[in-house]
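> Each chain, letter by letter, is given below.
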Amino acid sequence: MKKVFTRPKSLKSAPFHYCPGCGHSLLHRIIGEVIDEMGLQERIIGVPPAGCAVLAYNYFDIDMGEASHGRAAALATGLKRALPDRIVFTYQGDGDIAAIGTAETIHAAARGENITTIFVNNGVYGMTGGQMAPTSILGQNTTTSPGGRKEKRDGFPINLSEMLAIAKGSAYVERTAVNSPSNILKTKRAIAKAFQVQIKGAGFSLVEVLSPCPTNWKMSPVEACKWIDEVMTASFPLGVLKDFTGDKKDVH
Amino acid sequence: MFIKTIFSGFGGQGVIMMGYLLATAGMYEQKNVTCLPSYGAEVRGGTANCTVVISTEEIASPVASEPDFAVLMNNPALLFYQNQVQSGGTLFLNSSMIDSRPVRGDIEIYEIPVNDLVKPLGEERVGNMVMLGAFIKKSALVSLDTMHRVLKDTFTNRNPAMVKLNRQALLVGYDFLGP
Amino acid sequence: MAFAPFHARRSQSRSTVPKVLMRGNHVVAEAAVRAGCRFYFGYPITPQNEIPEYMSERLSKIEGGVFIQAESEIASIHMVIGASMAGGRVMTSSSGPGISLKQEGISFLSGLELPAVIVNMSRGGPGLGNIAPAQSDYFQATRGGGHGDYRTIVLAPNSGQELADLTFEAFDLADKYRTPVVILGDGMLGQMMEPVEFRPEIPIKKLPHKDWALTGAKGRPSRFIRSLILDPGEEEEHNWKLMRKYEKIAREELRWEAFAADDAKMLVVAFGTAARIAKGAVKRVREQGLKVGLIRPISLWPFPFKALRDFSKKVKHFIVFEMNMGQMVEDVRLALEGGGEVHFYGRPGGIVPTPLEVSRVITSQYYQKRLG
Numbered sequence: 000m001k002k003v004f005t006r007p008k009s010l011k012s013a014p015f016h017y018c019p020g021c022g023h024s025l026l027h028r029i030i031g032e033v034i035d036e037m038g039l040q041e042r043i044i045g046v047p048p049a050g051c052a053v054l055a056y057n058y059f060d061i062d063m064g065e066a067s068h069g070r071a072a073a074l075a076t077g078l079k080r081a082l083p084d085r086i087v088f089t090y091q092g093d094g095d096i097a098a099i100g101t102a103e104t105i106h107a108a109a110r111g112e113n114i115t116t117i118f119v120n121n122g123v124y125g126m127t128g129g130q131m132a133p134t135s136i137l138g139q140n141t142t143t144s145p146g147g148r149k150e151k152r153d154g155f156p157i158n159l160s161e162m163l164a165i166a167k168g169s170a171y172v173e174r175t176a177v178n179s180p181s182n183i184l185k186t187k188r189a190i191a192k193a194f195q196v197q198i199k200g201a202g203f204s205l206v207e208v209l210s211p212c213p214t215n216w217k218m219s220p221v222e223a224c225k226w227i228d229e230v231m232t233a234s235f236p237l238g239v240l241k242d243f244t245g246d247k248k249d250v251h
Numbered sequence: 000m001f002i003k004t005i006f007s008g009f010g011g012q013g014v015i016m017m018g019y020l021l022a023t024a025g026m027y028e029q030k031n032v033t034c035l036p037s038y039g040a041e042v043r044g045g046t047a048n049c050t051v052v053i054s055t056e057e058i059a060s061p062v063a064s065e066p067d068f069a070v071l072m073n074n075p076a077l078l079f080y081q082n083q084v085q086s087g088g089t090l091f092l093n094s095s096m097i098d099s100r101p102v103r104g105d106i107e108i109y110e111i112p113v114n115d116l117v118k119p120l121g122e123e124r125v126g127n128m129v130m131l132g133a134f135i136k137k138s139a140l141v142s143l144d145t146m147h148r149v150l151k152d153t154f155t156n157r158n159p160a161m162v163k164l165n166r167q168a169l170l171v172g173y174d175f176l177g178p
Numbered sequence: 000m001a002f003a004p005f006h007a008r009r010s011q012s013r014s015t016v017p018k019v020l021m022r023g024n025h026v027v028a029e030a031a032v033r034a035g036c037r038f039y040f041g042y043p044i045t046p047q048n049e050i051p052e053y054m055s056e057r058l059s060k061i062e063g064g065v066f067i068q069a070e071s072e073i074a075s076i077h078m079v080i081g082a083s084m085a086g087g088r089v090m091t092s093s094s095g096p097g098i099s100l101k102q103e104g105i106s107f108l109s110g111l112e113l114p115a116v117i118v119n120m121s122r123g124g125p126g127l128g129n130i131a132p133a134q135s136d137y138f139q140a141t142r143g144g145g146h147g148d149y150r151t152i153v154l155a156p157n158s159g160q161e162l163a164d165l166t167f168e169a170f171d172l173a174d175k176y177r178t179p180v181v182i183l184g185d186g187m188l189g190q191m192m193e194p195v196e197f198r199p200e201i202p203i204k205k206l207p208h209k210d211w212a213l214t215g216a217k218g219r220p221s222r223f224i225r226s227l228i229l230d231p232g233e234e235e236e237h238n239w240k241l242m243r244k245y246e247k248i249a250r251e252e253l254r255w256e257a258f259a260a261d262d263a264k265m266l267v268v269a270f271g272t273a274a275r276i277a278k279g280a281v282k283r284v285r286e287q288g289l290k291v292g293l294i295r296p297i298s299l300w301p302f303p304f305k306a307l308r309d310f311s312k313k314v315k316h317f318i319v320f321e322m323n324m325g326q327m328v329e330d331v332r333l334a335l336e337g338g339g340e341v342h343f344y345g346r347p348g349g350i351v352p353t354p355l356e357v358s359r360v361i362t363s364q365y366y367q368k369r370l371g
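Residue numbers (numbering that gives the first Met the number 0), protein chains in the order written: chain A, 0 to 251; chain B, 0 to 178; chain C, 0 to 371.
What the hints contain is simulated information worked out from the structure, not anything from laboratory work.
Take these hints with a grain of salt, some might be off.
To be verified - No more than 20 Å apart at the CA atoms, straight line, and that leaves these computed lysine to aspartate or glutamate pairs for EDC-like:
#, chain 1, residue 1, chain 2, residue 2
1, C, K244, C, D148
2, C, K290, C, E336
3, C, K209, A, D84
4, C, K18, B, D152
5, B, K137, B, E107
6, A, K1, A, E32
7, A, K167, C, E340
8, C, K18, B, D144
9, B, K151, B, E28
10, C, K18, B, E28
11, B, K30, B, D144
12, A, K199, A, E41
13, C, K18, B, E57
14, C, K282, B, E56
15, C, K205, C, E62
16, B, K136, B, D174
17, C, K18, B, E56
18, C, K217, A, E32
What the hints assert, rightly or not - Going by beta-carbon spacing under 8 Å, a handful of chain C positions derived as facing chain B:
#, residue
19, I44
20, M187
21, M191
22, E193
23, A216
24, I276
25, K278
Virtual Cβ for every residue (Gly too), placed ideally from N, Cα, C.
Build the full structure now, drawing on both the sequences and the hints.
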């Protein structure tokens, strides 16, 4: 019988611990497929964050080195500079990259570090129980923004990817989502493109992925996917924010 | 033998270079040496100083509370160090830039018009070498031969032209104070 | 900087003199490169700026050499972690306030079991303090400001030559035990020039192979390096493993020296810069016939507890002299276990006392205790 669907080689055969409807498991699979398809399993090193994906090394069958909260870009800088012919990527949540690790991320981009960052934006601190994130949108109810995020009290959400697109050292920045089959395919292409950018040595590449967190959003998985389209993308519009690779046509 | 020397002046007068070269010469002559330059905001503020200890014994502290010699390149240096030199010690002062004279009667003073002596050489930057020449002559801490060797080793790889010029300037100072 | 760094390899090259006169900060940097360090990450802070300055030039001229002036001390210590994961010999340096910021990474290096060398050219504190030489970071170095149950090896050189030698040893110890090693100097050791003779450069190929490094899972199973261990049983086992390692270090990596201690009735205990001043003071009082010796801990952790305890069987009077307010006194008291009387003399804030000053303190204590 012909096998039409199987686990990517670069994922271990371990069941994900993620909540039902969570975007992390989808994204892990997508990254695994891209690593397989590009033949990178033996030369890629991942840097998981502190956050829900902290156990990523239980799932990826590749070399991985854990970073402390927010420091993935600095750690990846050290790794990549020491091993310039390997592919190095970080996998970071919104609190990790856009709050506690803002400085490390912006400076890695400004230096044009030849690394790839997968930035999972679900608008909450998931692992710690759904507190307000730097990317929680105005009005979003979290355990530390009761009654919804208010700009006077809580400040505005931060559009980190737009900021990183301005950085002179970034080569490729795109925002995608994993809330529909077509968006999942776009995300996969974007991640493949980001790795290509790194292989070419073009500079810092980042894919921001809007990802559902039904548990902390207190929604069903279907509602969460709809909420991304209807509400979240108004603050975080999808699309290519920067592409300096010289490709004339958009990947999509 | 345990001799402490302080060099002091404006940043840019080559004060720390004098200290470095003296300490290196001491090292060439198999002595124990330390050379402690001033650092930080103090240097950026314009004052530079450098303490050199040359000794036949192990050197406990590179800080000189009562130096045997003080080599002073400007007025603030004189004001600051004239009372710190130990009784019976020696002051070398750049008389081209220092107007006042110490009132102490228990120290020896040599006046070297560094800026005037350096003019014929056409390169004012080597004024520190003129002063260093006068200093090694009267202090007899290291030999002229050793200092020539230090200049050659220090500058050959950095700027060969400076070896000759520095040696010329060193001799101008060395000869200035007479035999 | 009044003049550009004198590089050991460039200056005085034609001389027959085997030694070079170098600033302590340059010595550490040159020794690190010769010990195989190819990765340096740091951030400017006085009085250690000559280390990153030297490294930026030296490493740019070596194939595979990497220097980054990071955006913060925090970023620099995490770059250290990255390069260490990749298997390289890696160093960062700073001074008190910057080392405070690095504590997060030092805890992670310990938990992740990664080798690295961290240099602290300490200054006056707390807070911004000043840039003068002080030994106010003894607690920070030996206890660590980071979280968790860990220890770092701390080496305290007292001269230019020891800066060179202990930097070599620091890299070997870090690799041998997969643990961060702190070199605790001070502003004076960093700024002072002294004659130094370097060991020959170790070829990178001769460095120990690291069968745990992350290099891409080629021809072997994939690896991960982590400090998160959610299962309390496993985390306990990890802590015991670290503990066994620290016990081995405490047994096998003690470094200390004694001077004029054999017939001493009173012993001065001092480390680093304070120890060389104390040695000068001890020589003075010996000339006056006072039976005083010096114990100098070179490894501050592990601390030479047993050596001091052994001395306390013969000697009952100890003077701890430090350029701080008596941080090492606690370790000396622990070592003596009540078996000796401890007097403290210290000058904090960047004051460097003279050997004469310390010798007078020793003399006064000596006669007060009716030892002579």
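> State for each hint whether it applies.
For each hint, the structure was consulted:
no. : hint            : result
1   : C:K244 - C:D148 : holds, 12 Å
2   : C:K290 - C:E336 : violated, 23 Å
3   : C:K209 - A:D84  : holds, 19 Å
4   : C:K18 - B:D152  : holds, 13 Å
5   : B:K137 - B:E107 : holds, 11 Å
6   : A:K1 - A:E32    : holds, 19 Å
7   : A:K167 - C:E340 : violated, 64 Å
8   : C:K18 - B:D144  : holds, 19 Å
9   : B:K151 - B:E28  : holds, 16 Å
10  : C:K18 - B:E28   : holds, 12 Å
11  : B:K30 - B:D144  : holds, 16 Å
12  : A:K199 - A:E41  : holds, 18 Å
13  : C:K18 - B:E57   : holds, 16 Å
14  : C:K282 - B:E56  : holds, 11 Å
15  : C:K205 - C:E62  : holds, 16 Å
16  : B:K136 - B:D174 : holds, 8 Å
17  : C:K18 - B:E56   : holds, 17 Å
18  : C:K217 - A:E32  : holds, 18 Å
19  : I44             : violated, 10 Å
20  : M187            : holds, 7 Å
21  : M191            : holds, 5 Å
22  : E193            : holds, 5 Å
23  : A216            : violated, 47 Å
24  : I276            : holds, 5 Å
25  : K278            : holds, 6 Å
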